[in-house]
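S.K.: Sequence:
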Amino acid sequence: MKDKALEKLSKNELLELMLYLRKEYDKLNAENEKLLQKLEDKKSITDRLDRLERQVAALTGHKLVVEQPVAEEDHGGR
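Residues in the sequence shown are numbered from 1376 upward in steps of one, following my numbering.
Note that these hints are calculated values from the structure, not bench results. Honestly, I wouldn't trust all of these hints.
Claimed, not checked - Below, in silico cross-link-like pairs of lysine to any residue (SDA-like), each with a Cα-Cα straight-line distance of 25 Å or less: (1) Lys1402 with Asp1416; (2) Lys1413 with Ala1432; (3) Lys1398 with Gln1412; (4) Lys1418 with Glu1428; (5) Lys1386 with Met1376; (6) Lys1379 with Leu1396; (7) Lys1402 with Glu1388; (8) Lys1417 with Leu1427; (9) Lys1398 with Asp1378.
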């Protein structure tokens, strides 16, 4: 919204707009938190699987082939 359009709004309209934006922010923030938790869970599971794979390789005497993970971009986590 342009500044001139904002200036034409009444105080009530501005408050309604602010309330709407706050609700949207809270909703997106909650969704972001859920996605960050899923990512942490995925990382935790992956780390555990890596440890188990190393243990199995050590127990069976097989040489572990280490694959380089694809670099994930940081999307502004915590």
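S.K.: Against the earlier hints, flag every one the structure doesn't satisfy and list their numbers going up.
M.R.: 2
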